[in-house]
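4 protein chains.
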Amino acid sequence: MRILVLPILIATARLCMASDLSGGWIAQVSSFGDPQYSRATLRSDGAKLAGSWNEWKLEGDVSGERLEFSLHQPDGKLVGKLTGKIQSAEISGDGMLEQRAREGRREMQPVTWKMTRASKEPTGGPKTWDFEPKEFQHNYSAAIAPVLRIFPGDTVRTWTLDSGGLDSRRERRSAGGNPQTGPFYIEGALPGDTLAVKLNKVRPNRDTARSGSRINTRIVTPAYAIAAKYSERFDSEWKLDLAQGVATLSNPTERMKNYSVPILPMIGCLATAPASHQSFRSVDLGPFGGNMDYNWMGEGATLYLPVYQPGALFFLGDGHAAMGDGELTGAALETSLDVEFTVDLVRGFSTAYPRVENHDYLMSMGIAGSLADALQAATSQLADWMKSDYKLNDSEVALLLGTAIKYDIAEMVDPQYNVVAKVPKSALSGFK
Amino acid sequence: MRILVLPILIATARLCMASDLSGGWIAQVSSFGDPQYSRATLRSDGAKLAGSWNEWKLEGDVSGERLEFSLHQPDGKLVGKLTGKIQSAEISGDGMLEQRAREGRREMQPVTWKMTRASKEPTGGPKTWDFEPKEFQHNYSAAIAPVLRIFPGDTVRTWTLDSGGLDSRRERRSAGGNPQTGPFYIEGALPGDTLAVKLNKVRPNRDTARSGSRINTRIVTPAYAIAAKYSERFDSEWKLDLAQGVATLSNPTERMKNYSVPILPMIGCLATAPASHQSFRSVDLGPFGGNMDYNWMGEGATLYLPVYQPGALFFLGDGHAAMGDGELTGAALETSLDVEFTVDLVRGFSTAYPRVENHDYLMSMGIAGSLADALQAATSQLADWMKSDYKLNDSEVALLLGTAIKYDIAEMVDPQYNVVAKVPKSALSGFK
Amino acid sequence: MRILVLPILIATARLCMASDLSGGWIAQVSSFGDPQYSRATLRSDGAKLAGSWNEWKLEGDVSGERLEFSLHQPDGKLVGKLTGKIQSAEISGDGMLEQRAREGRREMQPVTWKMTRASKEPTGGPKTWDFEPKEFQHNYSAAIAPVLRIFPGDTVRTWTLDSGGLDSRRERRSAGGNPQTGPFYIEGALPGDTLAVKLNKVRPNRDTARSGSRINTRIVTPAYAIAAKYSERFDSEWKLDLAQGVATLSNPTERMKNYSVPILPMIGCLATAPASHQSFRSVDLGPFGGNMDYNWMGEGATLYLPVYQPGALFFLGDGHAAMGDGELTGAALETSLDVEFTVDLVRGFSTAYPRVENHDYLMSMGIAGSLADALQAATSQLADWMKSDYKLNDSEVALLLGTAIKYDIAEMVDPQYNVVAKVPKSALSGFK
Amino acid sequence: MRILVLPILIATARLCMASDLSGGWIAQVSSFGDPQYSRATLRSDGAKLAGSWNEWKLEGDVSGERLEFSLHQPDGKLVGKLTGKIQSAEISGDGMLEQRAREGRREMQPVTWKMTRASKEPTGGPKTWDFEPKEFQHNYSAAIAPVLRIFPGDTVRTWTLDSGGLDSRRERRSAGGNPQTGPFYIEGALPGDTLAVKLNKVRPNRDTARSGSRINTRIVTPAYAIAAKYSERFDSEWKLDLAQGVATLSNPTERMKNYSVPILPMIGCLATAPASHQSFRSVDLGPFGGNMDYNWMGEGATLYLPVYQPGALFFLGDGHAAMGDGELTGAALETSLDVEFTVDLVRGFSTAYPRVENHDYLMSMGIAGSLADALQAATSQLADWMKSDYKLNDSEVALLLGTAIKYDIAEMVDPQYNVVAKVPKSALSGFK
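Chains as they are written, first to last, in the numbering used here: chain A, 1303 to 1734; chain B, 1303 to 1734; chain C, 1303 to 1734; chain D, 1303 to 1734.
Certain hints may be false.
A pair holds if it fits inside one copy or across any two, identical chains being indistinguishable in the list.
[Unchecked claim] Dumping the calculated EDC-like pairs for lysine to aspartate or glutamate here, alpha-carbon to alpha-carbon at most 20 Å:
id, residue 1, residue 2
1, K1379, E1473
2, K1559, E1539
3, K1708, D1662
4, K1559, D1696
5, K1531, D1696
6, K1693, E1423
7, K1541, D1509
8, K1693, D1432
9, K1734, D1377
10, K1693, E1556
11, K1436, D1662
12, K1387, E1473
13, K1531, D1686
Everything labelled a hint here was simulated from the structure, so no lab data went into it.
Small disclaimer: the values here were computed from a predicted structure and weren't measured.
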C-alpha cells in the first residue's frame, strides 16, 4: 500500500513544483563542446507553459514531471524543440536546437540541456563586504573556487599583495608573479555579459615600493640593448610619501637624489576567468583582462570586462604606486594596495576586449601579440563603440576618430601588448 | 718683359693670399664615395701653418702656392698627411687621411681634398626675412636649388600650401602630395650638425580645411576594414572659426551638426635634405624628418633635425588646423598656413632621428617601417638623450624612463611609422 | 604488551626500509610557488647516507625514520641542508635549499620537500602499445589524467580524429577545434627534460578530407581582403587516393577539375602539457608545441618537445593529408590519421621551443606573437644548437648560418606564429 | 621676295610633314605633377585624323601645322579634347583630358601635352651588346644618364663589381655599398609597362669572395645579440672553386676547415629607376626592385620589374657566389660577376612588386617595412597573378594557394624586408 501511495505523493509534489515553474531560470545547453548559457523566463498556467529563452519565444506543455516546449525567433522561425523532466532543483532533458555550424551557418542539432533557478537579488539593496584574503592565485581560471559570492551593485573592500607576493607589512604571503586576490563570483553573471568594476579606492597600504632598473629589451633597439651597462645591484626601492603624494628612492645614487615621482596608484591586473578550460598565468593578459598594466586604472576608473564563465570570477592584484607608459622596466613602483570596488553587470552584451571609462575619456583596449595588432584591435573596438553608442555611420566615425583619437601604450613587456585607443568625452558632448 | 713680370706679380699676389690663409675654412675630403666635410681653422705665420681640423691639430708649411700639413689626434696619433695648392678662392690637393674601413676599423687611405672659406656671419645680428614662395617642391633632395640663404639666428616669415596644393585663396598652385615651401639654405650648416627650428607662428591663413572620411586600413583590423561601408561622397570640408579656435563641418550630416574640433595648428612636414643623392617624396619621412605629422609640432615647439648636406636645406609644408593621433584618415584638417620660424645650428652634434622640445616635454622621434621598430628607436634615442644631457648611467635612465616616459603615436599612414617617446620637463627638474 | 610490541615491529620495518633507501628517487621541493623536481640517488650504509641530487653531492645520516643530509656543489659550496622523515612510500621534510632569488641571484631559502622512488624501467625492453582512444581533449593541460603510462623506448599505435572531431568513418566523436588523442604519461620524464617523439607512421585512415576556401585575412593585404569575393558554399571536400598519393576535389568547379595535390600526411598538433597550472586550447601553440602546423611533421620526423610536467603528458591530433606553407586558409586537407610513434627522453636538457629532425634537416621552431619575433626565436635557437652540438663560436655560427640557413613559415593563422629555421645536414657533414 | 617665299616653302614642308603623321607616337601629358605617358597611333588622311590613344579612340582634323582631336572611351564617352601644333620632331599643345581627381573620381582637367615619334625597332632583329662598364652608380634614379640604349629582345654581356667596389682583379673601382652597372635604357619602355630580364649567365669572374661573420641583430632575439661574442678579426674570405662548384674559407679556423658551401651564383640587386624624382641608395629596395637579395636570382631566372620611367633604366650589381636565406650576416659570398641578360617588354601591364619565374616556380615578391607587411604583399600579389592568368575566382585561388604556396625569406637586413611567395609550376599543370 505504502508502495503505491508514495509515487502519488511524489507526483503531487512534482505537480506542485510544476506549478512553481514560473520565474527566472538559467539554461545550460550542451552538444559536443563547451556548454552554452541562456536566460529563460517561464510562466506556467496549468498545463500550459510560456515564456522566453534569450530573445526567443518559448511555448509548451507540462504534464506531471514532464514538459516539452518549442522555441521561436521573433520572426516566427522555429529554432528549438526540447523535452525535459522536472527534478528537485532543476529541469533537464534533450531535443533539437539551432547551433552555429560550419562557416557561420546555423543548423538544428541534437543537444542536452538543463535549467536551474536564476539567483535572486537579495532584498535590502546592495551590500558592502570586507574581504580578508587568505590565499592568492597565480592563474586566471574558472577551475579556481570563488572566495566570495556577491551581487551586482555590491561593493568589496579588500587588499592586494604586491607583484612579488609581499603584503602591507612586507611579509611574504605568496610566490611572486602577480599573486591575485579573488576570484569573486558575481551572482547572475553569464558568458556573453559584461562585468563593470568601478574602482572607488586604490591606495598603497605601505610606504615602500620596488621598481626595475633595466629597460626591457623589447622596447629598445638591439644596439642599445647590447651597449647598456646596468649596475648589478642598483637599489630600486622607493619611499612612498602618501601624504605628499610623492615617491623618492630609499637609497638613491648621487644623481638621483632629487628625483621624485608623483604617486598615481593603479592596479596592474584585473581579470575575469577566461573562456572554457583555459588557464593563464597571472602575468598574462588577454580578452579577459589580466596583466593590462594601464596607468589610468586607478581611483575613479570603471573597467568593463567580458564575462566568459558563470559568475564571471573576478581577480585583482599587482598594485603600482606609479608607472611610466608601457612598464618599460618590467616593474612599476610595485606595492601592496587597499582596494574598494563596486561591481555591476551589463547583461547580454560583451566586447572583444576590455573597455575603460573615467571622468575624461572613453577608452578601448587592444591586446595582441604585436604592437601593430594591438593597435588595430583597440582602434576598431573604439570605432565600433562610437558607431553603436552614438549612432554614427562609418564615415562619421572615421571623421570623429580622425580628429579626436588618442593612444596610450599600456603594456609592452608581458606576453601580449596592450594598446589603448581613447576619445575625450568633451569631443562627444555634441552627440547627445 | 711684361711676360716675365706677370708671373712674378701673380706669385706675389699668391704670397699675399698665403699670408691671408688665417681664418675659418670648410674642408671637403673625397676618396671613393660621398665627400666628407670638416671645419678647419688656419693660422699662417710666414711659412708656418698651424690650426685645427675638427678636433684634430693641424701643423705644416706654406711655400708659395704650395702647402703641406699633417693632422694629429689630441693624443698625438698621426691621422693625416695632406699637400695642396692655393688657388684664387680655394685650396685643393691630395694626401693620406684616416678613414673608416671595413667593420669599424680606421685606416689611412688616399684622398683628394679642397677647402673653401667658411661663410662669415653678417654684422648687424640676426635678420628677419619675408619670403614669398613661387615654386613648390615635391621631393626632399639636395638636388633642389635653395630659394633663400639665411644665417643661424635668422627668422623667416612665409606661408605654405595645403597638402593638396591650394593656397590661402584656395587656388591651385601646385600638384598635391604635400608641396613644400623652400628649401632654405642655412649658411655654415654641415653634415653632422643639427638644425634647430623654432616655430614662432603656425596659423591657418584661410577659414576652410578638408579632412578624410575613411580610416586607413593599416589602423583597423581586417574584419573592420572589410565590414566598413563608407559614403562615396561624404563632405569632409571644415569651417575654421579662428577667433573662437574651433572647427566645424561646412556641410555636416545630421548627426555631426554639433561636432566641433578645437583648432590646434601644426605643420605636418618639416625636413632637411636627406643624405647623399637620395631623393624622397614629400609624403615620405625618415631620419631627415619629412612627413612626421606630429600634432604637437605647432607654435612654441622647437624641432631638431639632423643635417646631411651643406646648408641643411630646410623644407616645410602640409599644414593642419587639427589632427587626432596617427592621422587615422590619411588627412588631418588640411589647410594653408602662415608660418614664422627661427633657425639655429648645433655644430658637430647630430642625432639618429628628429627631436622636439616644447614648454612641457622633451620628445624623441623614432621613424621606421613598423610600429615596433619606430617605438624602439624613439625610446633608445630618448634614453641616450637623458644619459648625455643629464649625466645618468644606464640604470638611472632605466629608472627615470620607467617612471616618467610617455608615448605619442604620430604617424601611421605614410611610408614609415613615427612614434614619439617623451619625458615631462617637470620630471627632470631635480637634475640640474 | 601488544601495544609495546607493535611500535618495535614498525620501527624494525622502518629500519629495514631505511636500509632500502639505496636507489633512484625523484625529489620534489616546494617553497612558495610551483614545485621543483630533481633526480636523486641514495646509497645508505648503516647510519651513513651518501648520493647525488642532480649534479650536487649528498651526504648525511639516517637514524630510525629520521634522516638529515647536506648538499654540496661539485666545487664544495654548501647549497642545502635538509631533514626528513621516512614514511611508507616516500620521504618528506623541510630545510634550507639554494633557490633563484630576485634578479638572478641565488640564496638559501626555507623549503619543504619529499622524495618518491623513481619508476624503474620494466624488464623485457621497449613495448609496443595499441591504444584505442575513447575521449578527446580540447586543452593542453597537466590537469588532464593520462590515458596510458609508457616508458622511454616504447612505441604507441593509435589514431586521431580530424580537426572537426570526425573519425575514420566520418562520425562525430568530439567537438571540433583540434581534438587530441592522449595525454600519454612518459615514466621518468621530469620538467627540464626533453621528450623525443619519432613519427614512424602518419597515414590518413579514410579517403576524404576537407579544407578551407578563404585566405586568412592576416596573410593578405587589407586591400585584397576587402576586394575578395568568396563563394558562400564552395565545396572544399577532397577525395584522397592513398594508393596514388594524390588528392583531388570531390566536387570540383569547372576550373579545378584537373587540380590535384600530392598527399604528404602530417600531424598539426603535438604537445606536452604546458608549465605550471596553465591550460591552453588545442588550437593554441607555444613552447610546449601544440598547433604547430608544420608540413614536414610527417613520417620519419623526430620532434623534440620541452617537458614541463612530471610524465611530460604527450598529446597529438589535427591530421592533414597535405598543406601549403602557413595554413593559409586556416585549414589544410583535414582528415583522421593512423599514427605510430616511439618516445624517448633526453634527461636534464631542454630547449626554449620545439626542435625537429628528419633525414635532411635540423630544424628549430620559433613560436611567438608576431612573425618577426617568431623568426628571431627560431634563428637564435638554431644558432645555439649549432654552438653547443658542433662546438662552434659565435663568428663560426654566423658564417655557417649566413651561408646555409633556410626558413619555413609553418603557421600564421592561429594565436601564435610558427617560423622554422633549418640547416641541411649536408652542410654539417664536415664537422664531425 | 625671298622673304615671302620662305614661309610658303616651310608651310609646304609642314603640310608634307602633316601628311606623315601616321605611325606610332608617345604622348606625354602634364597638368600639375608628374607627366603621364601614353601610346598613340595616328592615321592622317588629308585633313582627317584618326587613331588611338592607349585604349581610347582618337578623331580629329589637321589644318596646316595645327591639329585638334577628341578622345573617346570604347563605350563612346568623351574623355579628352586637345589641340596642338606640329613642330619639327614633335607635336605639342593643350586641352582638356580626364584625370584622376580626389578620392578616385575622374574629371576633365586642363592639361598641356606633347607627342614624339615612338622609337622604331631596328631591322635585323635583336642584337647582342658587349658592354664594358666605366662608372658605377650608387643610387637608383632617373636622373642618371643611361650608359647604353637597347631594344626589347636585345642581349647584354657585361660584368658587375662586388658589393664593396672591387672588380674581377680585386681592384677598387668604386666606393662600396652595392655599386651598380648601368643604367640601360630600353627603347619603347614606358611607365606602366613591365620589364622582363632573363638571366642567361651569372658567374663569378674571380676565385675569391668575402662574407660577414656577425648575425644581423634584427634576426636574433635581443638576448642572443647581447650574449654574442664575435671575433674582432674573423677572416671571412672565401676561395671559390668554380670548377667543382664549391666555396671554402681561405684561412679557416680549426673547426671550419672542412666546411664548404655549394656555389649558386646570384645577383643581389636588379632595378628599374623608381617613380618620379625619387632616388634611392643602391642598398635600398622597393617596388622597383633594387637590393632584393633573393638567392634564386641566378641563371635561368626571369625577373619582371615595373617600369616607372621612359626607358625603364635598368641597373644591376651586388653579385653573390652563394647565400643562405635572408642574408643573415648582411653579406653573402660577395664577389664580382660576369652577367649576360636579355630584356623584353610587357606593354601596358605592370605589377605592384617584382615577380620572378624559373623552371620550377612562379614567384611573387613583397617588399615592405616589416616582415608581416612584406608577406601580405607577396601573398596578395601571387593570388592576383593566379586569378588573372589562370582565370580563377577568389575561392579557387584560396584553395590553390592553401595547398601549394611556399615562402622564401629573401632579405631581412636592408632598409626593407623582401618575402617571396611562390607556387610550383607542377601545381598549375592542370589549368591549361
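Status of the hints after comparison with the structure:
Taking the shortest alpha-carbon separations for K1379 and E1473, neither the intra-copy value of 62 Å nor the inter-copy value of 29 Å comes in at or below 20 Å. Only within a single protomer do K1559 and E1539 lie at most 20 Å apart by alpha-carbon distance; the minimum there is 13 Å, versus 53 Å between protomers. In this assembly of identical chains, K1708 and D1662 lie within 20 Å of each other by CA distance both inside one copy and across copies; the values are 12 Å within and 18 Å between. In this homomeric assembly, K1559 and D1696 come within 20 Å of each other (Cα to Cα) only across copies, at 16 Å, whereas the closest approach inside a single copy is 52 Å.
Taking the shortest alpha-carbon separations for K1531 and D1696, only the inter-copy value of 6 Å comes in at or below 20 Å, while the best intra-copy value is 50 Å. In this assembly of identical chains, K1693 and E1423 lie within 20 Å of each other by CA distance neither inside one copy nor across copies; the values are 33 Å within and 61 Å between. Taking the shortest alpha-carbon separations for K1541 and D1509, only the intra-copy value of 6 Å comes in at or below 20 Å, while the best inter-copy value is 53 Å. For the identical chains of this complex, K1693 and D1432 are neighbours neither inside a copy (41 Å) nor across copies (49 Å), given an alpha-carbon limit of 20 Å.
When the C-alpha separation of K1734 and D1377 is checked against a cutoff of 20 Å, the pair qualifies neither within a copy, at 32 Å, nor between copies, at 50 Å. With identical chains, the CA atoms of K1693 and E1556 are at most 20 Å apart between copies only, with a shortest distance of 11 Å across copies and 57 Å within one. Taking CA atoms no more than 20 Å apart as the test, K1436 paired with D1662 passes in neither setting, with 36 Å inside one copy and 45 Å between copies. In this assembly of identical chains, the alpha carbons of K1387 and E1473 never lie at most 20 Å apart, being 54 Å within a copy and 29 Å across copies at closest.
In this assembly of identical chains, the alpha carbons of K1531 and D1686 lie at most 20 Å apart only when taken from different copies (13 Å versus 46 Å within one copy).
Figure legend: structure checked against the earlier numbered hints; hints not met, in rising order: 1, 6, 8, 9, 11, 12.
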